[in-house]
Every structure is written in structure tokens, then in C-alpha cells.
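Number of protein chains: 2
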Amino acid sequence: MKIYLFEISKTDLAGRIGTIDTNHGKIETPAYVPVIHPVKQTIPSKKIKEIGFDLVITNAYITRNNYGDKAVKKGIHKIIDYDRGIMTDSGGYQVLEYGDVPVAPTEMAEFEQGIMTDFAIPLDKPTGFGLPIKKAEAYVKHTLKVCKQTIEDSKDNGQIWIGPIQGGEHFDLVAKSTKGLIKMGYKMLALGSPVEFMESYEYRLLAQMIIAAKKQIPHNIPLHLFGAGHPLTIPFAVALGCDTFDSASYMLYAKQNRYITEDGTRDLSDIVVFPCNCEICTKYTPDELRQLESIEKINQIAIHNLHAIKLEVDKVKQAIHEGRLWEYVIKKARAHPKLFEMVEVMTENSEFLKIGTPKFKERAIFLFDKEDQFRPEVQVFHEIVRGFKSKKEKILITNESSTKPGYLSHQFVNLSKKLKDFEEVQICQYNPQLGLIPIEISDIFPAAHHETSRMNFDPKEFTEFEKTWKIFFENNKFSEIRYNKDDEFLKYFVKTLPKNIKKKSFL
Amino acid sequence: MKIYLFEISKTDLAGRIGTIDTNHGKIETPAYVPVIHPVKQTIPSKKIKEIGFDLVITNAYITRNNYGDKAVKKGIHKIIDYDRGIMTDSGGYQVLEYGDVPVAPTEMAEFEQGIMTDFAIPLDKPTGFGLPIKKAEAYVKHTLKVCKQTIEDSKDNGQIWIGPIQGGEHFDLVAKSTKGLIKMGYKMLALGSPVEFMESYEYRLLAQMIIAAKKQIPHNIPLHLFGAGHPLTIPFAVALGCDTFDSASYMLYAKQNRYITEDGTRDLSDIVVFPCNCEICTKYTPDELRQLESIEKINQIAIHNLHAIKLEVDKVKQAIHEGRLWEYVIKKARAHPKLFEMVEVMTENSEFLKIGTPKFKERAIFLFDKEDQFRPEVQVFHEIVRGFKSKKEKILITNESSTKPGYLSHQFVNLSKKLKDFEEVQICQYNPQLGLIPIEISDIFPAAHHETSRMNFDPKEFTEFEKTWKIFFENNKFSEIRYNKDDEFLKYFVKTLPKNIKKKSFL
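So the sequences go chain by chain: A and B. If you're matching positions, the first sequence starts at 1 in UniProt numbering and goes up one per residue. If you're matching positions, the second sequence starts at 1 in UniProt numbering and goes up one per residue.
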């Protein structure tokens, strides 16, 4: 009996590198799960495996309609000719598109067990987007009922049943739906249906939906995100805690001559130079690709699209390994103005993102602009400083030294020699994002492990600096502060100090 | 006789797509120019051509030392086995490294003519970085003297002589040096020596040096940038008007097991998942590459590095074709905190960047944050509005409609029906970056062609909005303004209006 279904080896923000153990080998996450059509697939599954995908998703409902009972004899792995992990959707997508399907959930579940899919999904009733709350509530209730029946009927045969979370933009329902599935014993969950959020560029809603679900999910349960496999959304989906995500876009786009790039989708006719290194883009010039005959052209664009998505996942994985997922997603947000709104979601959910962010990192973190004050690592440092108590009555604040930690800097050593009352003075350095850095703890991560832009920052934008400043001066009893009066950034905060603190110039 | 040496087909910011006509075919710019060692090269020049480079640079001084007069008989194309464009450095790099070389500039020039290089560089005396102004001045003077002699002695044989600009961080000298070379008749220039700027992450100084030179250079003269061929610097170099740039980093880094990525250089030992699609990264896993024997490993990393640099150039080219170079470089700035300081260089040089930015673009531009108010296209629109005169005495300001141009929106059509005094009211929409948009000109680019983030912007950061607002109300004689009093952004500016303008609420 497998004890650990999902093993996590590395985390950053709410993202993680993990492995899911299946009847067909271990699947490394985060993973993009390409959609394979059980009948009309034109890119061979062998090619898909070769590009580097170890898990695909296909449709059990269509399989059942086309192969009937023969499918159970053959098994889904032979039908789609793929020997690694297979996930099957049960017809929920068809329900969302056409309203209903003429098959009972129990029959569907029995069929999915029969074809020995690795990841099976009960026949749910997706809420989609834009449903009134009453109707959405009824759909969630129906789905939960089906899920309960399905998991009770399921055999312990190494298959993983995935509980489908519904609720759409009704986040209370999303939370309720999630809790219900966990209680039933689902070891993996899937969140529907973000496609409509994405089509209307409502990335913020999508993020809020993911967070509403994730807040209810224990760490050892992987989360799948339905239909969200575009380079634009993958980094955020992973950063917010999604482990796998499927999409048919590589093929749907290819049929419309649409070429996936890291920053969005382009019409093939708009491409002058391929911004890509993949096998297709090095084999053809854009003109040559445009001139291929239709089916060949579609397949070649689809293969490029698969490479583009795979590359995005690999970049995100490498960013997790490097502890740079925050930097990566904040940069990625500049792919589209509506995606940029995700920066606000990230800064507003610092507490949530803190859980998976390591307390210490090997590498220096990069601090660019105001949003980085909300980086989990930076927030943790603010908390430490907010609890710092000094025994001194005087404080001297300088800007950061380039040598870190600050107590090893020339700047500090010179102070210790020059200041006659050095022993009586609390020395602090400061950084706009990190706030006050008491010299005694200037070696704590990330005080000694960061790079910051030398920009003209507006102190009013640095609300975390202001909070820490306030608490720090309340916690301590300074009667004198020394600082450089030409420092416009610091001046703004010094002004807020009570009058009984003597302000002295120091250069 | 060739009349046009340099043909420009597309521009954006100060960047351009062009072709330089040489004795060995047309070279498309912007182009990265890989350094080929005339003796010790381990990546065959054939492979370099196959990766997609049509122009390489090699060292005439080393060639002369190793081949002597035989080099003239064979010609440089046979020596390095490359049949496309070849540029030769003349030993200036050695002068910078070792102080001097034992060869006279006239001999060097004669040699470069003899080996029939396509782009020849006179034997200059590079200033580098950190020279006192007197010394830098002497170097510039010496270089100008050599350049004058060289071009006077040169034959009209289809070779292109490149004038080396010196001056380093002394921008007046850079400008003087540039003017001198242009006066002598140089048809192509090269700017040295940014390597030291880059080693100390002084990207801002590098940018200022480029701008100091570019401001003196007519458009039809291409500019080469010495030693700056890293994905971090390429987008900015191109955006500021550099057309070609060489570097040996692909090989120098490879020798230290350093792997080039779009966001910087990584030690191969730190790579878990290759964030790249190139032939090397799809052939090996990181572990397999690490285990290759030394020379093979160096060559494979070098080939990856060449692909990574080539990809960056292709992405920049495609961004120029799409009119998205501004978006591309502002995003790229987030690769490193010191590179992020380039955002300030971009916003401070709006006038300079305006020259090459098309007045109209086919695609919508993306507006993300405060820096986009300084985008050339946005600046041009502000200028138009600053000259706008209304005959009306009342003004009504609403936020932007999602339908564009504004006069086609429901919002506007409803206003025209509802407002009893519609004919007497100047209708404006607004956008934080674009400022006021009088409805009559809401179809002008980019008023009708942009996407903006829906963020909580701080009005104080929008100084261009403030300027336009001030001028607009000075130019016109409004006695009444109607606006939504819940609109915090607009409220900030309404407060600045004189008391004799009646403020009325409008929803």
C-alpha cells in the first residue's frame, strides 16, 4: 500500500516541486497535462511523450461513446497508445458546454475504473462563470453528492480519484466544495472552470478562486486546475499552489494558425522572426511554416505550442529551485495589462504566500520596486524587526552598506571608531523594502542577502517601512536620532517622530 | 558604387531593423556578432553560421602575429573559414588590456585592407572606464588622429571602415569623438568600451554613454557596441539605437561552466531544469551535460550560449516588428535590480526615444504602470491634448469606456441622450497614463488603441497627467466641471482647479 501519494521536495510561495505516484510511474509536478483526443488526435502521443510530458488527459465520455465495452478490454493506455500517467475527464466539460450528458455518474465511474485510467474524475456538474448563486449552489451540491457516491464505490486499485471543486466566482461555495471533498477522503482535487475567467481576462478572479480553494487544502493533497495551460497563467497558477493543469489550447490555437509565445498568443501571419528555439522554429522560417499545407501546418504549430508551454513550466520549475518564483511571476505580470493586476493579488496575499516560502535561501533575493515590500521573505524580516528591543537611548540610521552583513562594512567599522558614545548608540541601516535593519541582526536572511535598485523611491509608497518604523519607535525608548538630513526618503519618516526625540544631523 | 550602405526598414524607440550591404552579402541588423578566435577557435565557424549568425568578428592583430604576410594571400575569409560578413578588431582590445601593441596604426590598417575584412577598425586607444578626464582626452585625440589617417589612406574596395568612439564616462568626450569621426566621413561607428561598465553593473552609465553618442549620429550610420552581447544588455542596447554588438562571452562563460539565460548567467551546477529549448538543452539533461568530458562540455555550453543570445536578438527583432519594444525592455529590466535602473533612463529620455517611434501602430499598446506615461506614443498624445481648444464652457470628465474610440461607446451615446445641455458640454474621458482624452479626438492613436491595467494608481505619480491638466484648463475657459466625486484619482486633480470653476457631481 502506498503511504505517500504526493511527495514535495521543494517549495516557494505556494508553489512546489513534487511527485505523484501512479500505476504508471511517478509524475513530477508542476506539470502541464496535454489534452489527447481519444479518436481524432493528430499529434501522436509518442511525440507528446518525447517532448517531455509524463501525464496526459483524455476524455472518458468520448472514449465510452466511441469504443463502448471494448474500451474496458483494451484499457485506456492502449487506446491512446501512451504508457505513462493518464487522467480522464468524465464528461463534465460536455455538461458545461451542452448542459447534460446521457449517462449516469455511477456508470461513468465504473467505466473509468474499467479502463484503468490513472487519475479519474467523477461526472460533475461544473458551475462555470456567471451563474446566479442559487444555481451554483445546486450544482455544487449535486457534484458533492456524485463525488461521495463515486468514492464510496471506488476500489483500492492504485487509481487516484480527483475531487472536482466547483463554485466559480462564488468563493464561499468554492471553499465549501473543497472542504466537502477533503472530508470524503479525496487525495487529489481539481478546480473548475477557469476557462471563462481567462477568456474575459479576469485573471484576478481566477487567482481569488484558486486562493479560496487552496486555503482549505492540506499540503499533501495536489491540486489540478482545469483548462489553464497557457504560458500567461502557468506561473501564477503554480505560485498560488496549483500542481497540474491541462489544456487543449496547443491544438485549438494551431487550428486557427495561432502561435503561443511566453507573452501571449500571436497570429502566425504576424510573426517575422520566431522568438523561439524549438525544433519547429529552428526547422522553418515563419514564411516556410506559413506555406505548409493545412494539416501539416496545424500539426507543426501544435508541436511548437507544446514546446512553448513545456518551456514555461520548466522556467517556473527552475525558478522554484532557485527561490526566485516571486521575481519570476512579478516579471511575467508584464505580459498583459490585465495580468499585471495579479501583482495586487500577490501583494494582498503575503500571509498565504508565506507558508511555502523558505525562511532561508542560498541566493540573494532581488528587490526592484514597491511591491517587493510584500515579498514573503521581506515580510518575515519586518516581523523580526517589529519585535526587536534595543537597550540604547540613542539611534543612528544610515543607508545600507554595499558590504553585507552591515557589521562587516567599512561604514560600520568607521562609525565604531569615530563615535565617542558608540556604545550608547543603536546603529541601524535601512532599505526601502526591508525597512530598518538593526546592525546586530544585519546577518539575518535576507538583510545580508539581497540586491536593491538604486532608484528614487517615494517614501509614501512604503507602507511596511512606515509600520515597522512606528512599532520600532514605540517598542524602544530613544531620546535622540541621528541621520543624514539630505536623505529625502528617511526625512519623511523622521518627521513622524514625537518632538521629545532630538533630531541630529549625521553624515 | 553602393549608394545606400545602411537601409532601415522598421523602427521603434531608437531601435531599428536594417540591412548593411557588404562585400559578402547583406547583414540584417540588429545583429549579435560572435567573436571568432583566428587560431584557437573550438566551435567551427560553420556551426556559428548554422545557428544563424551572418556576421562575426575576429582579431586582425592576432591574425597578423600568427599568419603574417600569408594572411594577405589567403584572406581572412579563408583563414577563419567563413563566407559571410567579417569584422576585424585591430588590437584595440589588446591596447586596453596590455597598454600598447608593437605595431603602427598605418601598418594595421594596411593589413586589414590586405586580408579583405568586410568591416575594418583602425587601431584605436580605448579609454575604458575610470580614466581621469585629461588622460581620456589624450586617448580620444590620439584615436581621432589615427582614424583620420586611416580613412584618408583607405581604398574604395567595398570594405567598411568603422570609426571607434571613445570617451568612457566622460560624455562630452564621447560626443566630441563621435562628431569628429562623422566629419571624417566614417559610414559606421563603434562605441567602446562598455565591458567595464557591465562588469560593475553600471547599466545606467552604459545607457548614458550610448545616448551621448547616438545624439550626434545621423540615422543612416549604423552603430556597433563593443563587447556587449548578453541577453541582459541586448534589448536596451537595441532600444537606444545600437545596431550590432559583439561579445566573446559565449565561450568565456562556457569555460567557467557558466550557462546564459534570458535573466542572467547561471553556474551549470545550479541548473536543475534547463529553462531553454535549444538543441543542446533538448539533447542533454543538466546532469548529462555536467558529466561530459571537459572540452566537449565547454563546446556544448558555448553552443547553448550562442543559441540563448541569438534568441534574445530574435525576440527583440520581433518586438520591433510588433511595435512593442518599450514593453519588452521595461519587462526585461526586471532581470536584475541594477538593470531595473534603466527604467529611469528610459523615462528620462522620452524625447530621444520619440524620434524612431512610429506615430501610428497597428496594434494596441499596453499600459501597465506609472512609467508608461513617458512612453513616446503616450507623450505624443499628451502634446496633442495640450494644444486642444474647446469652444464649450462646461466640461464633463468620465473614466474610459471599454469600447474605443470613446465616441462609439454606449457611455457616450447615453450621455448625448441624457444631457439636456449636451451641445454646450466638452466631454472628455481619461486614463492615468494618457491623461485627458477629449471625445472628439478619442480615435487618435493611441487613445483608441491601448489596454490599461485596472489598478489603484496614485495620482501623485502621474506628473504628465498633471501637466496636461494644467495646460488644458489654462487653454480653455471652462466655468463648470462635472465628474464622479467618488473617483479618487480625478478628485486629486479637480482640487487644483481655481475656485471660479463650479464643481458638479456626475455619475
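Treat the hints loosely; a few may be bogus.
[As the list claims (entries may be wrong)] Lysine to any residue pairs mimicking SDA-like chemistry, simulated, CA-CA at most 20 Å apart:
no., chain 1, residue 1, chain 2, residue 2
1, A, K361, B, V272
2, A, K404, B, K338
3, B, K460, B, Y492
4, B, K338, A, A364
5, A, K460, B, E50
6, A, K47, B, T285
7, A, K338, B, N399
8, A, K283, B, E50
9, B, K338, A, S401
10, B, K460, A, Y492
11, A, K338, B, E137
12, B, K404, A, S200
If you're looking for bench data, these hints aren't it; they were derived computationally from the structure. Please read these numbers as outputs of a predicted model, since none were measured by experiment.
Could you tell me which of the numbered hints above are not met by this structure, giving the numbers in increasing order? 5, 11
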